[in-house]
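J.: Sequence:
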Amino acid sequence: MKCALFTAFMVLTLSGCTIYRSEGRKQFESEAPGKVSTSSNFELKSCKKESRIETWFHEEFPSSNYEMVVMENDLEIWRTHRGSKVEIKAIQKSDTSVHSCIYEFSNDIVWNLYKDSFIRELEDNVMTLE
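According to the numbering used here, the sequence shown is numbered sequentially starting from 82.
Read the hints as simulated data drawn from the structure, not as lab findings.
A few of these clues could be false.
Distance condition first, Cα-Cα at most 16 angstroms in a straight line; then the derived EDC-like pairs of lysine to aspartate or glutamate [stated by the list, open to error]: (1) K170 to E148; (2) K166 to E185; (3) K174 to E140; (4) K166 to E148; (5) K174 to E124; (6) K170 to E140; (7) K196 to E124; (8) K170 to E185; (9) K170 to D155; (10) K174 to E153; (11) K196 to E168; (12) K130 to D189; (13) K196 to E185; (14) K130 to D155; (15) K126 to D155; (16) K166 to D189; (17) K170 to E124; (18) K170 to E153; (19) K174 to E204; (20) K129 to E148; (21) K130 to E104; (22) K170 to E204; (23) K174 to E131; (24) K126 to E185; (25) K126 to E168.
Everything numeric in this text was worked out from a predicted model, so none of it was measured.
Could you put the whole structure together from the sequences, leaning on the hints where they help?
T.: This is how it looks when you write it as structure tokens:
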């Protein structure tokens, strides 16, 4: 009985795998990357933990290319343009460290469309290097 049950199970398992070898599956896999849209509207370019001297320097001499978007006790968000792309620098401060991350939006339209939700997400979450 066990042998017959095992044989039936193996036949069902192996016959179910034929879809993965089919031409339709191969066609789907080759066309999928261009047709699947991502849910991310921005790209994380870099993140780092800033040293005390770096933090002091950025506070005392902010870049003239950047425009401040948000300023809170523990979070600053700055915006600049790099060609047609919008670069966002987020600086999160805690008692023990300062983290900065650079994000890139494809253009002003995308930035303006998702700005509020992006800022809310940064305000609600702590940036870390992990």
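J.: Each hint should be assessed against the structure and marked as holding or not.
T.: Hints, verified against the model:
{"no.": "1", "hint": "K170 to E148", "in the structure": "holds, 10 angstroms"}
{"no.": "2", "hint": "K166 to E185", "in the structure": "holds, 7 angstroms"}
{"no.": "3", "hint": "K174 to E140", "in the structure": "holds, 12 angstroms"}
{"no.": "4", "hint": "K166 to E148", "in the structure": "holds, 15 angstroms"}
{"no.": "5", "hint": "K174 to E124", "in the structure": "violated, 22 angstroms"}
{"no.": "6", "hint": "K170 to E140", "in the structure": "holds, 13 angstroms"}
{"no.": "7", "hint": "K196 to E124", "in the structure": "holds, 14 angstroms"}
{"no.": "8", "hint": "K170 to E185", "in the structure": "holds, 9 angstroms"}
{"no.": "9", "hint": "K170 to D155", "in the structure": "holds, 14 angstroms"}
{"no.": "10", "hint": "K174 to E153", "in the structure": "holds, 10 angstroms"}
{"no.": "11", "hint": "K196 to E168", "in the structure": "holds, 12 angstroms"}
{"no.": "12", "hint": "K130 to D189", "in the structure": "violated, 28 angstroms"}
{"no.": "13", "hint": "K196 to E185", "in the structure": "holds, 12 angstroms"}
{"no.": "14", "hint": "K130 to D155", "in the structure": "holds, 14 angstroms"}
{"no.": "15", "hint": "K126 to D155", "in the structure": "violated, 21 angstroms"}
{"no.": "16", "hint": "K166 to D189", "in the structure": "holds, 7 angstroms"}
{"no.": "17", "hint": "K170 to E124", "in the structure": "holds, 12 angstroms"}
{"no.": "18", "hint": "K170 to E153", "in the structure": "holds, 14 angstroms"}
{"no.": "19", "hint": "K174 to E204", "in the structure": "holds, 12 angstroms"}
{"no.": "20", "hint": "K129 to E148", "in the structure": "violated, 21 angstroms"}
{"no.": "21", "hint": "K130 to E104", "in the structure": "violated, 49 angstroms"}
{"no.": "22", "hint": "K170 to E204", "in the structure": "holds, 14 angstroms"}
{"no.": "23", "hint": "K174 to E131", "in the structure": "holds, 10 angstroms"}
{"no.": "24", "hint": "K126 to E185", "in the structure": "holds, 7 angstroms"}
{"no.": "25", "hint": "K126 to E168", "in the structure": "holds, 9 angstroms"}
Checked against the numbered hints above, the structure violates hints 5, 12, 15, 20, 21; every other hint is satisfied.
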